[in-house]
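Protein chains: 2
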Amino acid sequence: MPTDKLLQQINFIKEIDKVKYIQRKTKLFNSDRNENDAEHSWHLAMMTIVLAEHADAPIDVLKVLKMVLIHDIVEIDAGDTFIYDTAKKHSNTDEERLAANRIFGMLPKEQADKFIAVWEEFENGETNEAKFARSMDRLEPLLQNTSNKGGTWAEFGVNYTKVYEKKKVIKDGSSSIWDYAENLINESVEKGILKK
Amino acid sequence: MPTDKLLQQINFIKEIDKVKYIQRKTKLFNSDRNENDAEHSWHLAMMTIVLAEHADAPIDVLKVLKMVLIHDIVEIDAGDTFIYDTAKKHSNTDEERLAANRIFGMLPKEQADKFIAVWEEFENGETNEAKFARSMDRLEPLLQNTSNKGGTWAEFGVNYTKVYEKKKVIKDGSSSIWDYAENLINESVEKGILKK
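Protein chains in written order, with the numbering used here: chain D, 1 to 196; chain B, 197 to 392.
Simulated from the structure, these hints should not be mistaken for laboratory data. Misleading hints may appear alongside valid ones.
Unchecked claim - Capping the alpha-carbon separation at 20 Å, the derived lysine to any residue pairs in SDA-like fashion look like this: (1) K259(B) with T3(D); (2) K210(B) with I49(D); (3) K201(B) with I49(D); (4) K14(D) with D375(B); (5) K14(D) with K210(B); (6) K14(D) with T199(B); (7) K14(D) with H250(B); (8) K201(B) with S175(D); (9) K210(B) with H250(B); (10) K171(D) with T199(B); (11) K214(B) with K63(D); (12) K14(D) with S227(B); (13) K201(B) with D56(D); (14) K210(B) with D60(D); (15) K63(D) with S227(B); (16) K14(D) with T348(B); (17) K149(D) with K210(B); (18) K367(B) with T3(D); (19) K259(B) with D309(B); (20) K367(B) with I10(D); (21) K210(B) with A52(D); (22) K5(D) with L380(B); (23) K345(B) with I10(D); (24) K362(B) with A313(B); (25) K223(B) with G192(D); (26) K259(B) with L62(D); (27) K223(B) with K171(D).
Let's have the full structure, built from the sequences with the hints guiding it.
Put into structure tokens, the structure is as follows:
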């Protein structure tokens, strides 16, 4: 007989399948197909493994992976919020907190508490790991938008100042990746795919 | 100026976006929508984090995560092979080896070698980490098929003996997860969604 613990874990594993249906505003590279949250989370995990050496501070890579893999699970209940949507707060809303409690709460208590703590650490963005995870989360759509002639910037009329403001947190995780990203933003203006 | 190393890594990150277009035979839970390799890899990573405590032998969770996150990247060139396709070998084909060399070879040399080694370790299935990673890879479609009234078993006429044969490697990673899985297979026969 499987233990209650294992059954709870299997039920959680089934529940999070819903992450695959949550569409982001951003499109895949050189594509008009929207990315979903599971694909996005996988890509951030791969970026973390590949780019970890560029972190300015020492990071626990396993912790960062946990953060990027779970960071959007709350959107099963709370939905995706577009980063340039000025009407809505983007992190740690009451709705997301309820979602975290419900979904991670499906796990055995001790494990649920750990998952919620990792999710909160990511949201708060204060530890080295959270800073690096958040820099990955900001870098991916920048790469996608530049591959898509401006992508969501063009689609939703987002200008240089707003993009620069959102992206500069990349610097908190890695100054060398920020140098690359800042250059990409400036080039986008020169190419006319991002309005000043 | 970004270093050549960082530029190589960014090019690799762009290239692996193609994993999101590779359709598996298996469908999402309670769904008729095919799963793609990026979604599958994300789900295995989540399962690894959630179920790691059930591993029979000590495992390096970070290593297992690397395995499940990268294991299907070779399919960008080699395509997905259906596990019950008897005409084709399922691991470490020449085609997959060429794909590994080309795709991981986009990374800086030292990193490329590490990625290829992790992929080979997974394919060989001999270490504790590879055994656990492979048990995750076999468990996910079992859960999906039972949620889909037999799913690919029904669709492609796969019987109990073939399923049991493929799934029993779960035991090499975790005897408690295998107990659960074996029970699920037997129940599927009783429910008439898997033919004896």
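Structure-based check of each hint:
1. In summary, the hint linking K259(B) to T3(D) is not supported, as the alpha carbons are separated by about 27 Å, beyond the 20 Å threshold.
2. Between K210(B) and I49(D) the CA atoms are separated by roughly 14 Å; this keeps the pair inside 20 Å, and the hint holds.
3. Distance restraint check for K201(B) and I49(D): the Cα-Cα separation of roughly 14 Å lies within the 20 Å cut-off, and the hinted pair is therefore satisfied.
4. With a C-alpha separation of about 18 Å, the suggested pair K14(D) and D375(B) falls inside the 20 Å cut-off, and the hint holds.
5. Taking the CA atoms of K14(D) and K210(B), the gap is about 29 Å. The hint is violated against a cut of 20 Å.
6. In summary, the hint linking K14(D) to T199(B) is not supported, as the alpha carbons are separated by about 42 Å, beyond the 20 Å threshold.
7. Note on K14(D) and H250(B): the hinted pairing holds, with a Cα-Cα distance of about 18 Å set against a maximum of 20 Å.
8. Taken as a hint, the K201(B) and S175(D) pair is honoured in the structure, with Cα atoms around 15 Å apart against an allowance of 20 Å.
9. As the CA atoms of K210(B) and H250(B) are separated by approximately 35 Å, the hinted pair breaks the 20 Å bound.
10. Note on K171(D) and T199(B): the hinted pairing holds, with a Cα-Cα distance of about 16 Å set against a maximum of 20 Å.
11. Using a Cα cut-off of 20 Å, the hinted pair K214(B) and K63(D) is violated, with the two alpha carbons roughly 26 Å apart.
12. For the hint pairing K14(D) with S227(B), the CA-to-CA distance comes to about 12 Å; that is within 20 Å, so the pair holds.
13. This hinted pair checks out: K201(B) and D56(D) have alpha carbons roughly 16 Å apart, not beyond 20 Å.
14. Using a Cα cut-off of 20 Å, the hinted pair K210(B) and D60(D) is violated, with the two alpha carbons roughly 24 Å apart.
15. Simply put, K63(D) and S227(B) have alpha-carbon atoms about 32 Å apart, too far for the 20 Å limit, and the pair is violated.
16. Restraint check for K14(D) and T348(B): satisfied, since their Cα atoms lie roughly 18 Å apart, inside the 20 Å limit.
17. For the proposed pair K149(D) and K210(B), the alpha carbon gap of about 15 Å is at most 20 Å, so the pair holds.
18. At most 20 Å may separate the alpha-carbon atoms for a hinted pair to count; K367(B) and T3(D) meet this at roughly 16 Å.
19. Proximity of K259(B) to D309(B) is assessed by CA-CA distance (about 15 Å); at most 20 Å being required, the pair is judged to hold.
20. Taken as a hint, the K367(B) and I10(D) pair is honoured in the structure, with Cα atoms around 17 Å apart against an allowance of 20 Å.
21. Only pairs whose Cα atoms come within 20 Å are accepted, and K210(B) paired with A52(D) is accepted, the gap being roughly 17 Å.
22. Between K5(D) and L380(B) the CA atoms are separated by roughly 17 Å; this keeps the pair inside 20 Å, and the hint holds.
23. Among the hinted pairs, K345(B) with I10(D) is consistent with the structure: their alpha-carbon atoms are about 18 Å apart, no more than 20 Å.
24. Pair hint K362(B) plus A313(B) does not hold up; C-alpha atoms about 24 Å apart against a cutoff of 20 Å.
25. Restraint check: the Cα-Cα separation between K223(B) and G192(D) comes to about 41 Å, which exceeds 20 Å; the hinted pair is violated.
26. Distance restraint check for K259(B) and L62(D): the Cα-Cα separation of roughly 9 Å lies within the 20 Å cut-off, and the hinted pair is therefore satisfied.
27. The hinted pair formed by K223(B) and K171(D) fails the criterion: a straight-line CA distance of about 40 Å is larger than 20 Å.
Hint compliance for this structure: hints 1, 5, 6, 9, 11, 14, 15, 24, 25 and 27 are not met, and every other hint is.
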